[in-house]
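**Student:** Protein chains in written order, with my numbering: chain A, 96 to 332; chain B, 96 to 332.
The reader is advised that the hints may include incorrect statements.
[To be verified] Derived lysine-lysine pairs resembling BS3-like cross-links, with alpha carbons at most 30 angstroms apart:
#, chain 1, residue 1, chain 2, residue 2
1, A, K253, B, K166
2, B, K252, A, K248
3, B, K286, B, K165
No lab work stands behind these hints: they were computed from the structure.
Protein chains: 2
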Amino acid sequence: MIFMKNKAVCLISGGIDSSVTAYLAKKENYLVYALTINYGQQHKKEIISAKKIAKLLRAEDHIILNIDFKKFGGSSLTDKLIEIESNRNLDDIGKNIPSTYVPARNTVFLSLALAYSEAIDADAIFIGVTSTDYSGYPDCRKKYIQAFQQMAKLATKKGIEGKTINIKTPLIDKSKAEIIKIGLDLKVPFKNTWSCYKGEKKACGRCDSCLLRLRGFMESKNKDPIKYDFLPNWYKI
Amino acid sequence: MIFMKNKAVCLISGGIDSSVTAYLAKKENYLVYALTINYGQQHKKEIISAKKIAKLLRAEDHIILNIDFKKFGGSSLTDKLIEIESNRNLDDIGKNIPSTYVPARNTVFLSLALAYSEAIDADAIFIGVTSTDYSGYPDCRKKYIQAFQQMAKLATKKGIEGKTINIKTPLIDKSKAEIIKIGLDLKVPFKNTWSCYKGEKKACGRCDSCLLRLRGFMESKNKDPIKYDFLPNWYKI
Chain A
96 MIFMKNKAVC LISGGIDSSV TAYLAKKENY LVYALTINYG QQHKKEIISA
146 KKIAKLLRAE DHIILNIDFK KFGGSSLTDK LIEIESNRNL DDIGKNIPST
196 YVPARNTVFL SLALAYSEAI DADAIFIGVT STDYSGYPDC RKKYIQAFQQ
246 MAKLATKKGI EGKTINIKTP LIDKSKAEII KIGLDLKVPF KNTWSCYKGE
296 KKACGRCDSC LLRLRGFMES KNKDPIKYDF LPNWYKI
Chain B
96 MIFMKNKAVC LISGGIDSSV TAYLAKKENY LVYALTINYG QQHKKEIISA
146 KKIAKLLRAE DHIILNIDFK KFGGSSLTDK LIEIESNRNL DDIGKNIPST
196 YVPARNTVFL SLALAYSEAI DADAIFIGVT STDYSGYPDC RKKYIQAFQQ
246 MAKLATKKGI EGKTINIKTP LIDKSKAEII KIGLDLKVPF KNTWSCYKGE
296 KKACGRCDSC LLRLRGFMES KNKDPIKYDF LPNWYKI
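Please model the complete structure; the sequences and the hints are all you need to start from.
**Tutor:** Written as structure tokens, this is what we have:
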């Protein structure tokens, strides 16, 4: 009897959470089909990292899809005129919705993953959302993911046939430190990941994403292998 | 007191249903923000029609967003190697899912409309889905739209603030003949719409979309103003 592996679409952004999530899909014995959305971020560092991760992970395929979110505006990640928060107090991150929120981004990403899943007959979609360090984004919450799952059942040909494409969020309850520990166990090449909202040569060490990443590494008692332009005074390892 | 009109994002594909839907939004006194998704269809006739409709409707803005669905494959509308059904018996249309089904298309379209709505602070999204002539697509059913609405409430910044972006489907229960009658009342310029799945100079008159359109005009006792390469023998007006 030939054992057929199931397929999973893994949304890979190039950051820590999505990279660890994709490695978890691989560990769960899925054939990984990587999907990266180039949504008009101000820089391309994330895309370069996503490519490296998909390659090192030996994904079956890697689709990079361009969508010009800049046409909509409304986020500092796609609009140069809106300033990205920096040097914030860690306790303030997650209290409200920051400028880096991209309208309905996860909904668009999951919808595209759903389209890809239907086309290749995949059973699962892996997305690296976390509700702990979610930085105030509405579309990182558990009840949002559940609602998407409900909708996906009705949206698809598979759903009509009584099958489901499972939306898997293995990190949703994990802190950044826990995610980093899981990633180190799975040998995720963190040196090839990119989290910084800015696209300079080195990570800025000041934006919310750098701060959460640095705190995660500090709390997990591991050194972040990437280079920073600046390190906050609380970061000690 | 200044009366502020509410904004609505209207998905306009260039066909009859979405054009009538956008005119209904205008009639309901919304400021219309048109959104057309160029998803890699084999032809561009739909996009040209969408532009004309948005212009004639005097939309506040019209965003045309490119997404290359061809990368996913799986539909005869984006993949030349898959044949489009033609000359089918009208009773057979809608019984099963045809080759023209584009995986998760309405979910992707609605998600992008949701992103646009959030960015411009719109209160409603208008989409011209119909469950009557839905040609066997899962994502044209009422319960699917309701599930999307539920998900959208949780997905957005507006939702967190207790407000809702309403997904409006004024045609969902209407037959093509009824839609055409509504459109004629609203003076929708049907001669500028395009429904044919093929992109030749004239509409083919053989694909499911042409057949449903022709039956609609016949049943509404009006002549279709566009030109056809072929007319089925049952079409009499």
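**Student:** Run every hint past the structure and note whether it holds.
**Tutor:** Quick rundown of the hints versus the structure:
1. K253(A) <-> K166(B): holds (20 angstroms)
2. K252(B) <-> K248(A): holds (24 angstroms)
3. K286(B) <-> K165(B): holds (29 angstroms)
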